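Chains as they are written, first to last, in the numbering used here: chain A, 1 to 290; chain B, 1 to 250.
I should point out that these hints are in silico values taken from the structure, not numbers from a laboratory.
Hints may contain errors.
[Said to hold, decoys possible] Label pairs and their calculated CB-CB ranges:
| hint | chain 1 | residue 1 | chain 2 | residue 2 | range |
| --- | --- | --- | --- | --- | --- |
| 1 | A | 258 | B | 16 | 54 to 60 Å |
| 2 | B | 60 | A | 269 | 50 to 56 Å |
| 3 | A | 82 | B | 166 | 30 to 36 Å |
| 4 | B | 120 | A | 133 | 54 to 60 Å |
| 5 | A | 272 | B | 42 | 40 to 46 Å |
| 6 | A | 82 | B | 185 | 38 to 44 Å |
| 7 | B | 40 | A | 286 | 40 to 46 Å |
[Said to hold, decoys possible] Facing chain B, a subset of chain A residues (Cβ under 8 Å, in silico):
| hint | residue |
| --- | --- |
| 8 | 84 |
| 9 | 125 |
| 10 | 127 |
| 11 | 149 |
| 12 | 150 |
| 13 | 152 |
| 14 | 167 |
| 15 | 169 |
| 16 | 172 |
In this text the structure is predicted, and so the values were computed from the model without any measurement.
From the three backbone atoms N, C-alpha and C, an ideal C-beta is built for every residue, glycine too.
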Amino acid sequence: MGVLISTCAQGLIYAVLALGLFITFRILNFADMTAEGSLTLGGSVCAVLISNEVNPALSILIAALTGSLAGLITGILHTKLKIQAILSGILTMIALYSINIRIMGKANVSLLGKNTVFKIFKDNQISNFVVGFVICVVLLEILNLFFKTRLGLAIRATGDNEQMMRAQGANTDFKKILALMISNSMCAISGTLISQSQGYADINMGTGTIVIALASIVIGEAVIRKNLFLYKLIAVALGAITYRFIIFFVLNLGMNPSDLKLFTAIVAAILLALPNVQKVIQRSVKSVKN
Amino acid sequence: MLRIKNLSKIFHKDQPDEKIIFKSLNLHIQKGEFVTVIGGNGAGKSTLMNLISGSMFPDEGEIYIDNTDVTFMPEHKRAKFIGRVFQDPLKGTAPNLTIEENLSLAMLRNARRDLAFGINKENLAFFKDELSKLNLGLENRLTTKVGLLSGGQRQAVTLLMATLIKPKVLLLDEHTAALDPKSRDKILELTDKITKDEEMSTLMITHNIENALSFGSRTIMLKHGEIALDLKDNDRAQMDQHKLQDNFNF
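Make the full structure from the sequences, and use the hints.
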């Protein structure tokens with residue numbers, strides 16, 4: 001039971017990251033590499049603030065704002081300076097590596113004995129789960145409402161068909177920048193939760209997290225195939241939790257933890273390719289029948 | 001309504017592959033006029049549309065819509081004056097959004113995209129009403145994703161979206177060229193109905209000479225970036241397809 005709850009709790013923390021990446025990767029159609037940097041940025045800003053006795057909730061909020069700044073920079077690089085989407089993200093991500101070390105002053109900051117949002121209840125596992133659940137549900141509902149507003153709808157349409165949105169009089173650059181800011185603040189929030197739950201922030205905590213988030217998104221999409229926007233968000237969150245259970249399972253089978261990234265990459269690649277492979281198979285079956 | 005003065009556009013200026021599209025183009029289109037534009041490949045038809053809509057800027061000259069200088073106004077800002085339908089039926093709609101979401105976006109052309117709800121329930125009756133005029137049965141499929149519609153249906157929705165908020169200028173860039181004959185007739189029929197509006201000026205590029213003469217009130221032929229022929233009233237009535245075709249080829 002304890003393992004079940006702690007795995008779920010971990011999944012909920014990563015669900016926030018997956019939701020953030022869903023905004024760029026699926027809604028905006030923008031492969032945003034900033035995420036790994038902004039996750040670490042959130043984690044380190046929050047850790048430094050908390051170790052200086054700032055209120056944990058306030059620290060999360062401030063960290064989220066710094067994350068949105070990272071998104072702003074990527075957005076400006078891409079829309080105003082016309083640098084390719086993926087390269088803009090990589091540039092910001094690399095720059096953030098140095099910035100994060102500057103923020104922490106060293107490669108990691110411990111939160112041992114400090115107050116965190118997870119110290120509401122006596123039992124560590126239960127508070128991890130409850131706090132993770134509440135934050136995740138609140139953010140999910142905010143996103144759901146936001147993407148139903150005029151502005152949110154315009155962002156979705158920009159990702160779907162940018163030329164049409166310009167013809168409809170929308171400033172698509174602004175829409176993209178805004179979506180990147182929202183996405184990266186979600187990544188930063190996820191980073192704050194990771195560092196608080198593991199008790200330290202580390203300069204490498206972001207490495208490989210994009211692939212984890214992508215795997216979560218595609219797992220979620222494979223499980224829930226509804227078109228309603230709310231269901232898509234729920235699918236992403238559930239995908240993140242499912243991913244944690246898969247990892248828990250393969251580790252118990254005796255997989256070397258250092259092989260996890262390879263495993264995650266393979267799972268993500270297979271699931272991303274699946275729809276196309278299915279199409280090819282269907283086509284060849286048809287042609288054989290004919 | 002639409003005034004183009006001494007417009008010049010050169011691609012790859014001062015380079016070996018320099019191409020002069022327009023040297024000094026002048027065109028004046030009245031309010032309510034429906035102008036069909038013909039011309040061979042490379043005559044500058046699409047460039048003209050792009051310059052008017054702002055997806056490209058000219059090297060020299062001025063463009064006015066209703067006495068507002070829009071020459072260098074960003075594309076999304078001048079979109080409040082301009083409705084556009086592209087040749088590719090996939091370009092005018094957002095495939096992953098529903099019909100009602102697409103139409104709602106079109107309703108916001110002149111409004112702020114703020115945090116009010118994207119779909120205004122009060123608009124739905126209006127959408128149904130407008131969709132039913134298309135005679136495609138789309139009025140009962142408001143929550144269908146646009147990506148599931150056929151090319152002809154999507155182009156009809158695009159045409160509706162371009163004119164839901166009446167623009168001052170409607171630009172149709174070979175908007176029937178990628179459709180099958182049946183859809184093409186349907187879209188042309190709709191175009192004819194929509195452009196009857198007396199407040200809106202329309203420019204329609206077409207490769208079909210017959211359509212160029214039978215639709216609208218004026219026909220211009222572009223050749224090497226110049227207006228080689230400008231047919232109105234009597235001249236136009238007396239012109240027939242074959243005579244125009246000969247003109248085209250010389």
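Verification of the hints:
no.: 1; hint: 258(A) with 16(B): 54 to 60 Å; verdict: holds (56 Å)
no.: 2; hint: 60(B) with 269(A): 50 to 56 Å; verdict: holds (52 Å)
no.: 3; hint: 82(A) with 166(B): 30 to 36 Å; verdict: holds (34 Å)
no.: 4; hint: 120(B) with 133(A): 54 to 60 Å; verdict: violated (34 Å)
no.: 5; hint: 272(A) with 42(B): 40 to 46 Å; verdict: holds (41 Å)
no.: 6; hint: 82(A) with 185(B): 38 to 44 Å; verdict: holds (42 Å)
no.: 7; hint: 40(B) with 286(A): 40 to 46 Å; verdict: holds (41 Å)
no.: 8; hint: 84; verdict: violated (20 Å)
no.: 9; hint: 125; verdict: violated (38 Å)
no.: 10; hint: 127; verdict: violated (33 Å)
no.: 11; hint: 149; verdict: holds (5 Å)
no.: 12; hint: 150; verdict: holds (4 Å)
no.: 13; hint: 152; verdict: holds (7 Å)
no.: 14; hint: 167; verdict: holds (5 Å)
no.: 15; hint: 169; verdict: holds (3 Å)
no.: 16; hint: 172; verdict: holds (7 Å)
Of the numbered hints listed earlier, those contradicted by the structure are 4, 8, 9 and 10.
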